[in-house]
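*Asks:* Residues per chain, in single letters:
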Amino acid sequence: MLIQSILFVVLVVGGTALLSWPLGLYMTWAMDPGDPSSGIAGWKNRAFRAIGGPLTGQEQTWKRYMVALFAFNVVMFVVVYGFLALQQYLPLNPDGKQALEGSLIFNTAASFTTNTNLQHYSGEVSLSYLTQLGGLMWLQFVSAATGIAALAALARGLSGRPLGNFFVDVQRASFLVLLPLAFVMAILLVMGGVPMTFDGAAVATTLEGVQQTIARGPVAAFVAIKQLGTNGGGFFGPNSTHPLENPGFWTNILEMVAIIIIPMACVWMFGRIIGRMRHAGVIFAVMLAFLMVKTVGAVSFEAAPTWAFADLPIEQNVGNLEGKELRFGATGGPLWSVLTTSTSNGSVGSMHDSLNPMTGLMPMIGMWLNATFGGVGVGMINMFLYILVGVFIAGMMIGRTPEYLGWRVEAREVKLALFALLAHGLFILGGTAIFAATPWGADTLNNVGPHGFSEILYEFTSASANNGSGFEGLGDNTVAWNLATGIVMLFARFIPIILPLAIVASLSAKRRSAESSGSLSVEGGVFATMLAATIVVVGALTFFPAATLGPIAEHVMTTY
Amino acid sequence: MQSLLASIRIAAATMLICVAGYATAVWAVAQTLAPDTANGSLVTGADGAIIGSRQVAQAFTQPGYFWPRPSAVDYDAAAAGGSNKSPTSPDVADRGLEMVERYGATPQNPLPADLAAASGAGLDPHISEAGALYQAARIAEARGLDPVRVEGLVRSGAFSPGGLLAADRIVNVLELNLALDAMDRARAE
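As they're listed, the protein sequences go chains L and A. When the letters of the first sequence are read in order and numbered with this note's numbering, they come out as residues 1 to 560. When the letters of the second sequence are read in order and numbered with this note's numbering, they come out as residues 1 to 189.
These are calculated hints, taken from the structure and not from any lab test. Since this is a predicted model, take the numbers as computed values, not measurements. Where hints are given, some of them may not hold.
According to the in silico footprint, chain A covers these stretches of chain L (three or more CB under 8 Å from chain A) [unchecked claim]:
1) 40-53
2) 127-139
3) 242-249
4) 258-270
5) 299-307
Examples of chain A residues lying across from chain L (beta carbon under 10 Å, computed) [stated by the list, open to error]:
6) Y22
7) G40
8) S53
9) G96
10) S119
11) L123
12) A130
13) G152
14) S156
15) G157
16) P161
17) L174
18) L178
Cβ atoms here follow ideal geometry from the backbone N, Cα and C, with glycine treated the same way.
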């Protein structure tokens, strides 16, 4: 059992880490081509200009880059709001899905625009095929592309160059990075048995003569980009636990690889653009270390059998099977729960609400840190914030002016970085406090005691981390939940994109000095330790009291 | 304003290429390469009527059929879902007790855990090999079959989903039950 689990984790995580290296090379070529006038690059630029118009031809300042990014995201939100609000009048609706309630439309549009994919609806129950593909799947492409574009701009700025042009970057990410990967993934999923049809639900008469309506649809195309773009919004309500969304052991492996491959490759792309691959290697190692600690925790805690069966004549020879699918094997569920929350994916391969209490803490830690690979593009951007704070603290400790890549880090930049990092904690803890104390949260729980508290804590954590997974027992389709999490998702998306670019603009306005032996090297073990310590102190300890009230309290109860 | 215009142009292009083009291409490949699974792995009877999907659990309650894992949504394949109950929840213990009574499990002959725990989507098409063997005697009695034949059927249908990486053997419930009915038909002829 143990050897199986180790092999399984090494294959999935290690294999993907290896694959992320060539992908990082490719993404650098796609996002940051050298000389844009000759050969293929020239042809591409003309195509991007033909699509985007005259604004694609200029270098943008950070403010213009942000205006462009924001304008594009406004269009995304409005278009999808329209799809959601009008689906009953639009085509490709073979099962006659009806109108949605207003606050749910707002929440869903915000959720998919921000790359969160928190779902307060159930896909096969509420949405037409057109809404799923034209609305949500479209956002799964372009919201992920927004994140990759922002990272490319940040990296260019740090290397002392102009930031680039958002309207070009977002097209590069959509057409050159996400589209080919999604196509390959979708075909592999089809071969693994995932449906891809525009026919409506099938009505069966079972062997015992009962009618069963089997929802299906264009699932493969949707699932491929949902996994790759750290989106996570499932075609079906129960996401990748659904046998038509994830039919077997090997599709499960594929879908897990797809969760982490682009976030991993983003680190290499960052390293290549700033021209510091050793530095990227250190960052990658720190991220991987956090991911592995959580994985070991989740897999071992989940090996304990279902506690509720302890006094019954039920075999206790397997791990907790509540909310799990047998075809993924024993390690599939807990490993997925870590991968999907280490990145900001948020798809699920087992029901997180039904994980053993301490296993359920691991996904929460992943989302609290939100940078141990993190979302496509934005994960590395979050890590940049931790790096700045870490470098600043280290500089204070050794009594020298803190520098990062030769840029002087001063109070202004650190204030912005800390503001962005601490806003995350404020949204999560503030929101949880309000909802735990009022009927808004208390009346919507599916479990009692500390686990009920965990449901509220998880929901705000997921919204603020732009993750999208949930302790899904929570009855979260209420006006209060829809508005609160919708607003949190929007702020939590744009604050950690706007502020880091502002920081880079502020840094690069200064004179860059050569890195000397007196400044902290960003390529060694000291830096790695400093960074890890910063992540633990700023990212994790903020949430320790809340963790004690939820999962830890529940775990302690099971030991009596 | 110009930014909005550029955004709208890119939105239109991405929708055309990444949605319409992409989905159509995947659909065309799927319907060519794997038309059976691309349409939901439907199983039809001799008269052409749809019996169910090989990939989706359906309810079985008669003693002559293998029973699937419990489902929090009563095997509703149009609104799937799990129990979302904590494994420490008294509701899970109550369901465990209900399953123990349904199967007549005793401390000497405990119930395999998968037959008491609800799956993530409530549609898990598989049960463990142990869970199927646990039901063999009941099925053999209801159908007047030799229990050894029923056990043989389970063993020949069971497989390790991930080879060495996930060796716990499982078996597809609907396929087992179809095989049982086929066995009966063969005997009647």
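*Asks:* For every hint, state whether the structure bears it out.
*Replies:* How the hints compare with the structure:
Coverage of the segment 40-53 of chain L by chain A holds in this model, with 3 residues showing a Cβ closer than 8 Å to a Cβ of that chain against a need of three. For the segment 127-139 of chain L, the stated coverage by chain A holds: 4 residues have a C-beta nearer than 8 Å to a C-beta of that chain, and at least 3 were required. Chain A is given as covering the segment 242-249 of chain L, and this holds because 6 residues of the stretch bring a CB closer than 8 Å to a CB of that chain, at least three being needed. Taking a C-beta to C-beta cut-off of 8 Å, the segment 258-270 of chain L contributes 0 residues in contact with chain A, too few for the three needed, and the coverage statement is violated.
Residues of the segment 299-307 of chain L with a Cβ under 8 Å from some Cβ of chain A number 3, which satisfies the need for three, so the listed coverage holds. A cut of 10 Å between beta carbons decides the hint on A:Y22: the least distance to chain L is about 6 Å, and the hint holds. For A:G40, the interface hint holds, since its Cβ comes within 10 Å of a Cβ in chain L; the closest pair sits about 4 Å apart. Taking 10 Å as the C-beta cut-off, the interface hint given for A:S53 holds, the closest approach to chain L being about 5 Å.
For the restraint placing A:G96 at the interface with chain L, the shortest Cβ-Cβ distance is roughly 5 Å, inside the 10 Å limit, so the hint holds. At a threshold of 10 Å, the smallest CB-CB gap from A:S119 to chain L is about 5 Å, leaving the interface hint in force. The beta carbon of A:L123 comes within 5 Å of a beta carbon in chain L, closer than 10 Å, and the hint placing it at the interface holds. Checking A:A130 against chain L: minimum C-beta separation of about 8 Å stays under 10 Å; hint holds.
Here the hint on A:G152 is broken, as its CB sits about 21 Å from the closest CB of chain L, past 10 Å. Annotation: A:S156 was flagged as interfacial toward chain L, and the flag is violated, the nearest CB pair being 18 Å apart, outside 10 Å. The beta carbon of A:G157 is not positioned within 10 Å of any beta carbon in chain L (closest approach about 14 Å), and the interface hint is therefore violated. Among the interface hints, the one on A:P161 holds; its C-beta lies about 4 Å from the nearest C-beta in chain L, closer than the 10 Å criterion.
With a least beta-carbon distance of about 8 Å to chain L, the hint placing A:L174 at the interface is held under the 10 Å criterion. Of the supplied interface hints, the one on A:L178 holds, with its beta-carbon coming within about 7 Å of a beta-carbon of chain L, less than 10 Å.
Comparing the model with each earlier hint shows violations of hints 4, 13, 14, 15; every other hint is respected.
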